[in-house]
Every structure is written in structure tokens, then in C-alpha cells.
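Enquirer: Model the full assembly from the supplied sequences, consistent with the hints where possible.
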Amino acid sequence: MPTTFDDITKVLNDEESIADSFKEILLSHLKELQEKTGMTQKELKAYIERIMVM
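If you count the sequence shown from 1, you need to add 71 to reach this note's numbering.
Worth flagging that the hints you see were computed from the coordinates, not collected in a lab.
Heads up, a few of these hints could be off.
Said to hold, decoys possible - In silico DSS-like cross-links for lysine-lysine, where the CA-CA straight-line distance does not exceed 25 Å:
1) Lys116 to Lys94
2) Lys102 to Lys116
3) Lys94 to Lys81
4) Lys113 to Lys94
5) Lys94 to Lys107
6) Lys102 to Lys113
Said to hold, decoys possible - Here are the in silico distance ranges between beta carbons for each label pair:
7) Asp77 to Gly109: 30 to 36 Å
8) Asp77 to Thr111: 32 to 38 Å
9) Asp78 to Glu103: 27 to 33 Å
10) Leu101 to Val124: 25 to 31 Å
11) Ile89 to Tyr118: 30 to 36 Å
12) Lys113 to Phe76: 28 to 34 Å
13) Phe76 to Leu101: 31 to 37 Å
14) Asp77 to Gln112: 28 to 34 Å
15) Asp91 to Glu114: 28 to 34 Å
16) Thr75 to Leu101: 18 to 24 Å
Where a beta carbon is used, it is the ideal one built from N, C-alpha and C, also for glycine.
Expert: Okay, here's the thing in C-alpha cells:
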């Protein structure tokens, strides 16, 4: 999973995996996102799914 700017840049160069990679990154930070937003994991997962189809 990408963790540095260079890693993310390499992932972005592969157009087919952009959304999946960002989804993986967001899902891997669910606990942190949950603390910052006050949303439940279920709400965050649903939100991430919604923004990935936009």
C-alpha cells in the first residue's frame, strides 16, 4: 500500500487502480477518520463507497 508521495504518484500513473488505491488508503485509516469525524465505521464505509462512485 502506498505510504509516501512517490508511492502515491506511481499509483496515480496507473489510471485503472486510482479509485481502488484511494479506497484502500481511506479504509486503512478508518479508526483515525472515525476519531476525527465522529462518524461510525459503518457510516464511514458507506460514505467512502458513495464518493468512490462519483
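Enquirer: Output the numbers, in ascending order, of every earlier hint that fails for this structure.
Expert: 9, 10, 11, 13 and 15
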